[in-house]
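Chemist: All chains, full assembly: derive it from the sequences and hints.
2 protein chains.
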Amino acid sequence: MTTKRVYFFGNGEAEGRASMKNLLGGKGANLAEMTSLGVPVPPGFTITTETCTEFQKLGDLPEGLMAEVTSNLKRVEEIRGKQFGDLTNPLLFSVRSGARVSMPGMMDTVLNIGLNDQTVEALATASGDARFAWDSYRRLLQMYSDVVMGLDRQLTEKLIEERKEERGVALDTELSVDDWRDLTAQFKAVILDVLGKPFPQDPQEQLVGAIKAVFESWNIPRAKIYRRNNNISDDWGTAVNVQSMVFGNLGNNCATGVAFTRDPSDGTNIFFGEFLVNAQGEDVVAGIRTPQAINRSKDENPDLPTLEEIMPEAYGELLAIREKLENHYKDMQDLEFTIENGVLWMLQTRNGKRTIFSAIRIATDLVAQGMIDTRTAVARIPANELPKLFAPVLNGDAKIQAETDGLSLTRGLAASPGGAAGRLVLDPDKAQEWVANGDKVVLTRIETSPEDIGGMSVAEGILTARGGMTSHAAVVARGMGVPCVSGAGDLRIDYTARTVKVGAHLLHEGDLIAIDGFDGRVYKGEVEVMPSEILQVLSGKLKAEDSELYQRYEQIMTWSDEIKSLGVRTNADTPHDATVARQFGATGIGLCRTEHMFFGGDRILHVREMILADDEQGRRAALAQLLDFQREDFIGILGAMHDLPVTIRLLDPPLHEFLPHEAENQAEVAAEMGVSPEVIKQKVDALHEFNPMLGHRGCRLGISMPEITEMQARAIFEAAVQLTRDGVKVFPEVMVPLIGTAAELTHQKTVINTIAEQVFAEQGLRVDYLVGTMIEVPRAALTAAAVATEAQFFSFGTNDLTQMTFGYSRDDAGKFLKIYTEKDSTQWPKYLTAPILPNDPFEVLDREGVGQLVAMATQNGRKAREEAGLSRLKVGICGEHGGEPSSVEFCHLTGLDYVSCSPYRVPVARLAAAQAVLNN
Amino acid sequence: MTTKRVYFFGNGEAEGRASMKNLLGGKGANLAEMTSLGVPVPPGFTITTETCTEFQKLGDLPEGLMAEVTSNLKRVEEIRGKQFGDLTNPLLFSVRSGARVSMPGMMDTVLNIGLNDQTVEALATASGDARFAWDSYRRLLQMYSDVVMGLDRQLTEKLIEERKEERGVALDTELSVDDWRDLTAQFKAVILDVLGKPFPQDPQEQLVGAIKAVFESWNIPRAKIYRRNNNISDDWGTAVNVQSMVFGNLGNNCATGVAFTRDPSDGTNIFFGEFLVNAQGEDVVAGIRTPQAINRSKDENPDLPTLEEIMPEAYGELLAIREKLENHYKDMQDLEFTIENGVLWMLQTRNGKRTIFSAIRIATDLVAQGMIDTRTAVARIPANELPKLFAPVLNGDAKIQAETDGLSLTRGLAASPGGAAGRLVLDPDKAQEWVANGDKVVLTRIETSPEDIGGMSVAEGILTARGGMTSHAAVVARGMGVPCVSGAGDLRIDYTARTVKVGAHLLHEGDLIAIDGFDGRVYKGEVEVMPSEILQVLSGKLKAEDSELYQRYEQIMTWSDEIKSLGVRTNADTPHDATVARQFGATGIGLCRTEHMFFGGDRILHVREMILADDEQGRRAALAQLLDFQREDFIGILGAMHDLPVTIRLLDPPLHEFLPHEAENQAEVAAEMGVSPEVIKQKVDALHEFNPMLGHRGCRLGISMPEITEMQARAIFEAAVQLTRDGVKVFPEVMVPLIGTAAELTHQKTVINTIAEQVFAEQGLRVDYLVGTMIEVPRAALTAAAVATEAQFFSFGTNDLTQMTFGYSRDDAGKFLKIYTEKDSTQWPKYLTAPILPNDPFEVLDREGVGQLVAMATQNGRKAREEAGLSRLKVGICGEHGGEPSSVEFCHLTGLDYVSCSPYRVPVARLAAAQAVLNN
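Taken in order, these protein sequences are the chains called A and B.
Using this note's numbering, the first residue of the first sequence is number 4, and each one after it goes up by one.
Using this note's numbering, the first residue of the second sequence is number 4, and each one after it goes up by one.
The set of hints was computed from the structure by calculation and includes no laboratory data.
One should not assume that every hint holds.
No copy labels: a pair is met if it fits in one copy or bridges any two.
Said to hold, decoys possible - Calculated pairs, DSSO-like style, for lysine-lysine (alpha carbon to alpha carbon, straight line, at most 27 Å):
#1 K227 to K826
#2 K301 to K877
#3 K866 to K877
No experiment lies behind these values; they were computed from the predicted model shown.
Modeler: Written out as structure tokens, the structure reads:
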């Protein structure tokens, strides 16, 4: 039996279905599904991903494939009533890639397959539009020569530019049929000239070439890198979708557009879309012509007619399809459609990308509508984007004031949510430069292009004069979470004069402006940026019942907590941070760094006295002074976290961090302390380390100077006893840092337990507490079984563990880590063919190396305590990875008890912890 | 059936034997064995180690034990014809510990058990020596109150000192019977006063107390630490030897002594020993009286009569016993004997400690005598001490000249071999101070004590006025490998005047002196110190046939090579080092650091040009200049190591190491390079790293600047091709440093292979080579399976691997590592009850942590290549651990292919590798 390699779809019947994504790719499976649903899809067929794998092995198309292609092609011809290569009414095809998961822009597409010197004339006759026919032919020539034959696209683009200059016109649309006819001849000449072979006139040869090109595009570098960075297997392969062409550019009863079944920006349940009359799909995305809205659901571009108004029948069909598809897929859909001579064709449907605001609204709405359950809702929220909910907004009163003062400049599209204020800057390099100097900027461009990414990523906000909701600026800004207003057509941007004119206003580069990505408004001058709505609720400035956003957010969080098994704690050193984190849902402190308490006020003075002391006695005298401060600190933080556990890490940094390193500051401190500057300098020199990261710090301090540990333990237990006596429930967990051997922990535990007993005896009151350790030295992880018998809990300090496991100093690694994680291949050094690392390991926990140590230590540590009949080892993570979704998932999979992260990442961790359950 | 807890020995019969060490301890098993051999051993019995374990569990002696003790005691009484506690002729006992392996000085001993206020009088009468009896009683009181009752020994010693002052005498021996009688009364009073309980007068109670004290001494801190540091299990327990006392201090027909069946200093097959007439054993070891030689085998102390001369019968017996024991144990024995009223008793025999010189001589002699096989010979050489064979000696001609010039001062005992010259220094603290300032010193003391260790360890040599071959100075110096002359009785050392008088010579502290630890001679002024005999042979200055030492050394090395399975390579960066290492037996270079080639001459200039270059082009220009130098370097080193593999490590250190950091030097370099000092300073600042150890170095350089790797690869392959063309066989192995991910190696391998192909094509000649990597980053070890598929070999860089696994910066860790590895408990910070680490992990490979990574990487790496059908992974180690015996054993056990170490450690590694086979 031969393998079936080609799956047909068309006319309400399809051999494939949505669940066959692995075989047919996402696009092919969805085209089949839509066809079966009765949605009008141009007929065509999908060549399977398995055929791609065959192709990669053979280096050629497998035998029998083209026979299958030809028979499917005939079915399409029958449905469309036209023939491929026909000299009177030729049928044209598109050939597109389509992998199991979307790899946007990564692989290639060829349209208008089937046109040649003869069929172009036939198309001209049949369509009655010679300009359209020659325009289509030149598009084929450009794409085919680029994608299939490997000609530099610049060569053909240049010819078009020259022709436009010659004609004195600015836009492609202003070129005539004769221009295009001439250009096709020029294109063919340049192909022959540069490549030494002609453009193939045979439609069949074109089709074979295009199919092969799509298969080959699976292995172009950018596709490989994309896969590597997105954990897509090289073995999956891409499908090829061969679909009969429909045209939105055959005249004014034609159109092409994109639509979202709900608003992708804020998630409102409205039908939202944009289209262009007499245009092809790429024209919409390119953002050169400002598109028209499909309806009046939002009052954008009110002077342009809507699809509903000019093609009510097609709009009606589209509206019905919207409902059909959303009900079918049970999620907001991103649709592509073309209207050819008044007939609506659907080219694509897929789950639409959305902002975090819209994701939350859509998910909660769909649950309310009974379309999805709460688990599905939680699964659909992009955890990493949650912090955008807490992003600043423009102050409403300040906006009204600006309006009143005549400083409201214009209104564009609300392309990416959030308020931003800063200096107007007109080019991306300058944006980066100014930001590096500490300025905040709003990058303002006529339109943006991929080269602008650098500047876009550092800007507070992005403002463009051209382009719709799906323009480059809008898409990228939403992806980055940068507020954006796009298509503000009133802006007259002059890159040469470095000015922007808006009506009567003239702005110079460097002037202050503000944009509101929620409503598209643009202001001149200073407009206050203020905390997000949710933060206002959390801080009590706004009532929960007055904030729909807060309620929906809280709903998602509640559902997440019902699903997740991981605990979520926070890293907090002050009562304030602890309070914020509790509001965000933290159920304990996983890391309270005590060294932050050593700075500030008189404390630092005593810390320095301790460091300068020549002997234990001198250190003890200084530490006695510090005791009162530390006890107060612990009363504050244990009190703020009443009823919840608080992991307190003993002193960690090397002592020289508490002394000034510059001569000037040394003199100041010397004066303050009544010693000569030379004394300070000598101590700093004596404490100098070549690699402080690997030096005299952590428990190494507490072992060589046990009086430091004594003081800290005393402060903790005295605070705990006092609070307990006052009726506050406290759960202190004393954490020893930088353990590398069990013996270190044994020593520090002895000090802690001895002092605890002393304090309890003195005070006549006992308090439960735990003693555990941070696992941040590889050796501690490797010898976890021994360490665990001394530790009631482990907390992985994955920042340091990453530093030591990779041998990367976080302070220094920037230089090569940038190269190691660079995704842009043009920036790579010679010989590099893929990034060395998929991610910065300080951002996303490295599962292979660091994660191996975490898993090993968790398992061996738990086992050792179990075998020794000791209490179960509590295990958490307190590195910054604790608030990063992929790392949280890893912690869940590894069986940790909790993650701990900075207060603002607590909601991310809660959601990610729930998704980890759902995904596994 | 009850367990037998007590094993009898005496009168030619013994229940135990030498093979029962686990049950009876080393001492007990040997006493039994000697007894069975017919050697005269004072009868007694051994309580088993198992009883110790019972005692630890019960906290008391097990039931039935004392009944067994009593019945054995009766057997002893029968043999000796005396009764324990008898009021006319009392039998006394010693009670000593004796574990499975020797733990010298670790546990406790009580002598003269059975004396009390009555029996002391009986002993006085029976022995006819009242002074002896009261001296014995006071010794019992001192030991018993200290060891069993816990009285501070200082309290009783102080009373003796006071009495001596009162009497105006210096030595204990000068005190009279009345003095001792008074002192016993004082001792009893102080015991009662301080401890609140009296010294037990009941002999039975004394015996029980002493047995318990020995069992308890198993768990005193210093014993625990000793076990921990020597890998002795806490479960083994100690045996207790209860033995009837014999006395060497009953008059002038009594003596006590120690003897070695061969010379422990140089191994000559002579009977060598020392004794004191009318003395107890501890008097010999204390070194207060200069002992007499047992015979004239060496011409020491010719003015004192020998044992052979004054007690020829006892000496004759001893000589026969020497032969009997050496033939039986087939090794040089260390004997303790006592002659009581002309009757010889053997108290102990054990394998004697020896210098490396004597170890080599004894082992090769015993093989020649057919007493042991070559494997046993190899097993007996202390590998760690081999480098002492290469230690300097005094120039023979210079010695003769000094003699002629009247600068030969005196002659003491040749207590520890080696020649030393330096400044005379009279106290150990000053010795440390002067050495810290760059001086060489000869520490000169009347006698040494444990507090002097610090100064002894840094001295070139040690000279004492008092004490024999077994005095503190002699034992410690031999242990440390420091040359020592002891017991040079002519020296008149004045600590106050800081002078030393020797006959007519007056030396002041700071004057130059020299000592010869081979013959005991002491010289004034400068005497040349020159290379050891073996080095003279290796360097061709002396013929092999003229050096017996060399021949014996070579014999041991040859036997070692026959046994070992590990390869031994060397770490060498220059043709000279490579040549030396070949002479020492290295069979390849395991680490050739190329950065050392970047310094010196014009090279550093081009290196700096490269660093200062702003772009790749500039770097390439500078690298082109370096290429010629590097090619020559590789021709040199590959040539020197012809026929053997050479592992060349690519550039490793961060670039700032090649630039000057001081302003002054920056100005110089700037002038040299024709740039402003500011340029240099800016570059240094730009390259500054907080933790250079974890910074931009190793392959991170070669990846961000592939042109560096290109240049180095080109130099290697051009050199290899040129040598090959010249008929030299070369085996270059290119090693990429600091790999943390497989992708890094992939990149560097691509560069190396690309350049190799280029060079081979250009030159029309191919050379075989390997590409592999250093495993020194924990992550590389953790992900070894992936890394191995890209690597033909692994070489563990255990220096860096130790740094990163422990999180210790080698440059900075001194401060806390000193505390972590401190063995002297008086130096410990509070709460510490054992050293944190048994060894400095940079000296002895940490098997538990670092070793785990090495083993994991070796196994996973080999398996991955096997599964992938690739060549077998070659695995070696090139950290400094490669020349340390315990680490070499680990490498053998882990299945590595080779170790690589510095040239002078190559013989150590060869021997250790053989011993690893023999021990496992």
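Chemist: So, for every hint listed, does it hold in this structure?
Modeler: Quick rundown of the hints versus the structure:
1. K227 to K826: within (11 Å within a copy, 57 Å between copies)
2. K301 to K877: Intra 53 Å, inter 69 Å, cutoff 27 Å: neither.
3. K866 to K877: within (12 Å within a copy, 35 Å between copies)
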